[in-house]
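**Q** Now for the letters of each chain:
Protein chains: 2
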Amino acid sequence: MNKDIAELHIVMYQSGKAFTEYRKTSPEQKANFLETIASNIEGLGDSLIAKAAEETHLPVARLTGERGRTTMQLRMFAQMLREGSWVQASVDTAIPDKTPAKPDIRKMLYPLGPVVVFGASNFPFAYSTAGGDTASALAAGCTVVVKAHPAHLQTSCMVAEAITQAIRSSEMPEHIFQHVTHTDFESGKILVQHPATAAVGFTGSYSGGRALYDYAAARKNPIPVFSEMGSINPVILLPDTLQHNAESIAKQYAGSITLGMGQFCTNPGLLIAIEAEGLHHFIEKLGNEIAAVAPAQMLHPGIHKAYFTKMQLALAEKGVDLLSQSTVLPTGIEAQPAIAITKAANFLQNPLLQEEVFGPYSLLVTCKDKEELIAVWTSVTGQLTTTLMGTDSDFTDFSSLLDIAPSIAGRILINGVPTGVEVCPSMVHGGPFPASTDSRFTAVGIEAVKRWVRPVAYQNFPDALLPEALKNGNPLHIWRMINNEWTKD
Amino acid sequence: MNKDIAELHIVMYQSGKAFTEYRKTSPEQKANFLETIASNIEGLGDSLIAKAAEETHLPVARLTGERGRTTMQLRMFAQMLREGSWVQASVDTAIPDKTPAKPDIRKMLYPLGPVVVFGASNFPFAYSTAGGDTASALAAGCTVVVKAHPAHLQTSCMVAEAITQAIRSSEMPEHIFQHVTHTDFESGKILVQHPATAAVGFTGSYSGGRALYDYAAARKNPIPVFSEMGSINPVILLPDTLQHNAESIAKQYAGSITLGMGQFCTNPGLLIAIEAEGLHHFIEKLGNEIAAVAPAQMLHPGIHKAYFTKMQLALAEKGVDLLSQSTVLPTGIEAQPAIAITKAANFLQNPLLQEEVFGPYSLLVTCKDKEELIAVWTSVTGQLTTTLMGTDSDFTDFSSLLDIAPSIAGRILINGVPTGVEVCPSMVHGGPFPASTDSRFTAVGIEAVKRWVRPVAYQNFPDALLPEALKNGNPLHIWRMINNEWTKD
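Which chain is which? The protein sequence lines are A and B, in order.
FYI, this note's numbering numbers position 64 of the first sequence as 64, with every residue one higher than the one before it.
FYI, this note's numbering numbers position 230 of the second sequence as 230, with every residue one higher than the one before it.
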């Protein structure tokens, strides 16, 4: 065994050992710990933003916003821990004179164990080292091993140090968070297949996410993997709204398609519309808007190369035409925003056109009628989002779309843009495969914690031996389900 | 393609088509449908019980009880649908003057699609054709295809007909439930890998459950599989309770080990104790109790053969001795109850001794001290249950066991027997692999519905276009989370 492999084994062994200590800490201790991480990240000040800007080429304003989102998420999970109802405590008291006698049974959620988190290239803060996966796993009571994304390694190390400092000052068990910086492919496999690993979180490409899923499924004891692998986020543009709002929709979507140079998993990569008067006007306006967006640097050379190559391949496909592109020529690793157009018949015959082109690109598919529109929409694989743009009259004429939409995606929007993922309890960031490897969970919002826990039932326990959340007196004052009734008593 | 394969493809295609109709039915319609199934099963009267007794060799009293459990489960899910809060509706209202503006986002659970259910040999009613998997999937809004267990094919056909009648009389869409009776191995693979299949439920052996999991993971789009694959359900017998209660515990456990000829996945197959005065007394008493239990017929010749072979293999291992067996010799497919004994050192060195011997058999492992006891206990793979038998004084001396227990199993018992799985909201029937393929869910109780649903978010929807559960006026009068507060308003 070479030194690197041995090191990964030691890391996972330590994570497993730390888990047996971390699970004994109180919700209040964990909440303080998460808040201390947030404060420490803020304490890094401008130097953290400067390093991230240098490594990712993202604008300072965007990075400052993303840091705010990251610390907000940490504090949100701290608040969840203090409020306490998230453990879904449930109590069914005994009925001794039932035949057979019904025993006392109680239930609550319990952490899975060590979680391996793979940092995302496009979110150096919010979905990397101290991002949503790490915050939700630590809140659940799991220990975490983060594999840094090589595209922002130094940023990752700075955040990791902020977490390590928080472990020390909060007097938390050593090794509840560990950071590995191996850049080789094999190390990911070793981490996912290590016996101590209990679950995996990943945000990135289809090929990466699928590989991790396959490693986990091939284990002697398969473990849950939540890979969030992106989407083309189909948008339906209905006729009446195009007739009346072509200009504003073109403006709104040119903004969404090119936001952050299209480097969001919720980027609208597929627009679907029926050929009609309003569509021609929309095409003209969207073309003008896209032409006016200046190129900007992408995250790293690999992503830039993939964008350029994939867009050229898409444009080379039969029946696909370039509708418009930025009039300014890109330099270095800048992306040139572009819109392509094709007919439904081409799209339906060519699965290559469904592939995500990660960057400021979108394909407009024109359809003869409602049937073609539905055929195009339902031909796509599972999505994170799908959007319906329409007037009241459109939704009367196309009411069946509302019935179909939940089968397409984890989040359905009406008259909005899919970019911008609000962090709130009702958010769903996930969807049918390949949007994510397990559509039953979300990667964003408070409910993201559910990926890392399992229910445990306690039968016939004396009150003194029960966990706090399940004791008769409800010492934590949390909402519980008692004999089928929600109560705080 | 041969005729059988073609037939399975048509069945799954029909299930997918029926799903698009079934998801439009109201909770009330689904509740009535489930209740009609329950009534129809009861309407089959003694003929159903007689057929099941003939096919499974289970006693009439047990089958009558199991039928009651089955119809109770169907009615429990009907009640869940009428009460309505199970959809976990959540509403986060818009904050337009936030920067950036926070949109209105709402969320609820939505059915995955067609579910394939594999009937269990040991529960011809409660975990077969109209059992817990079928009832929970239909309640979720999923369509169901049941693959009948060949060991009780005619019973399965009778129950399937009761469901088909309920579809007709409730005017439900055709094909929302279908029953296939193919007995070959290949047909299971075809069903799991069919593009229309969205999830799988299975109760049975490790080899069967693991195979289905692997088929699903190998799909182009992997789907969730909930395989419940049994356990050896370790029981810790602590010294003080053995000192004082050896006789009653021996009686209680002889009953649990031989209940239903040990053909329960919660059968206590492993007893762990520290060598001490009370243990010798317990061994003598347990031996006497087991010797007095008469052999009885097992479910089918395959299970009988496996029991006989696996027990002989276990007894042939080094350091394993027969402690006691029924003094009556078995005939035909009868099982002879038996208890074996070995030392911790043998158990720890021999993973074969961890393998489930499905039937009225248990292995008692004797340990030198607390360290050996913990080593034996934590060496086992994931379990459905684990039980601690002890006095107050034991739990003071062995308090660390309570901290370890949740990592071992999905259900922890104190001073009870694991057989007898109460159907209630706090029940957890599932556990770390290989107890089940996804420890985050339970197969028993109301929460079993969660296996077949995923959350869907609705962003910026006009009230009129929202599902009933998410409308402003709360027309279904259900508990919802509104801006972080539980309310029925």
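It is possible that some hints are incorrect.
[To be verified] Far from chain B by the CB rule (all over 10 Å, computed), these chain A residues:
hint	residue
1	Val91
2	Ala211
3	Ser248
4	Gln252
5	Asp321
6	Thr331
7	Asn350
8	Gly416
9	Asn460
10	His477
11	Met481
[As the list claims (entries may be wrong)] Straight-line C-alpha distance at most 27 Å; calculated DSSO-like pairs for lysine-lysine:
hint	chain 1	residue 1	chain 2	residue 2
12	B	Lys370	A	Lys17
13	A	Lys17	B	Lys368
14	A	Lys98	B	Lys251
15	B	Lys102	A	Lys251
16	A	Lys368	A	Lys24
17	B	Lys251	A	Lys450
18	B	Lys220	B	Lys285
19	B	Lys285	A	Lys24
20	A	Lys370	A	Lys285
21	B	Lys285	A	Lys450
By construction, these hints were calculated from the structure, which means they are not laboratory data.
Cβ atoms here follow ideal geometry from the backbone N, Cα and C, with glycine treated the same way.
**Q** Looking at A:Ser248 again, its CB stays over 10 Å from all of chain B?
**A** Answer for A:Ser248: holds, closest chain B Cβ roughly 15 Å.
**Q** Hey, is A:Thr331 genuinely clear of chain B, shortest beta carbon separation above 10 Å?
**A** Nearest chain B Cβ is 30 Å from A:Thr331, so the label holds.
**Q** For A:Gln252, which was marked as not at the interface, is the minimum beta-carbon distance to chain B over 10 Å?
**A** 13 Å, holds
**Q** Take a quick look at whether B:Lys251 and A:Lys450 sit within 27 Å of each other, Cα to Cα.
**A** 41 Å, violated
**Q** When you check the alpha-carbon spacing of A:Lys17 and B:Lys368, does it fall within 27 Å?
**A** 25 Å, holds
**Q** Holds or violated: A:Lys98 with B:Lys251, Cα cutoff 27 Å?
**A** 22 Å, holds
**Q** Would you assess whether A:His477, listed as outside the interface, keeps its beta-carbon beyond 10 Å of every beta-carbon in chain B?
**A** 14 Å, holds
**Q** Would you say A:Asn350 is clear of chain B, with no C-beta pair closer than or equal to 10 Å?
**A** Label holds. Min Cβ-Cβ 17 Å, cutoff 10 Å.
**Q** Please work out if A:Lys370 and A:Lys285 have their alpha carbons no farther apart than 27 Å.
**A** Satisfied, since the Cα-Cα distance of roughly 23 Å is no more than 27 Å.
**Q** Going straight from one Cα to the other, do B:Lys285 and A:Lys450 come out at no more than 27 Å?
**A** Roughly 46 Å between the alpha carbons, so the hint for B:Lys285 and A:Lys450 is violated.
**Q** Over 10 Å to the closest beta carbon of chain B is the bar; see if A:Val91 clears it.
**A** Nearest chain B Cβ is 6 Å from A:Val91, so the label is violated.
**Q** Can we trust that A:Ala211 is non-interface, i.e. its beta-carbon lies farther than 10 Å from all of chain B?
**A** 13 Å, holds
Figure legend: structure checked against the earlier numbered hints; hints not met, in rising order: 1, 8, 9, 11, 16, 17, 18, 19, 21.
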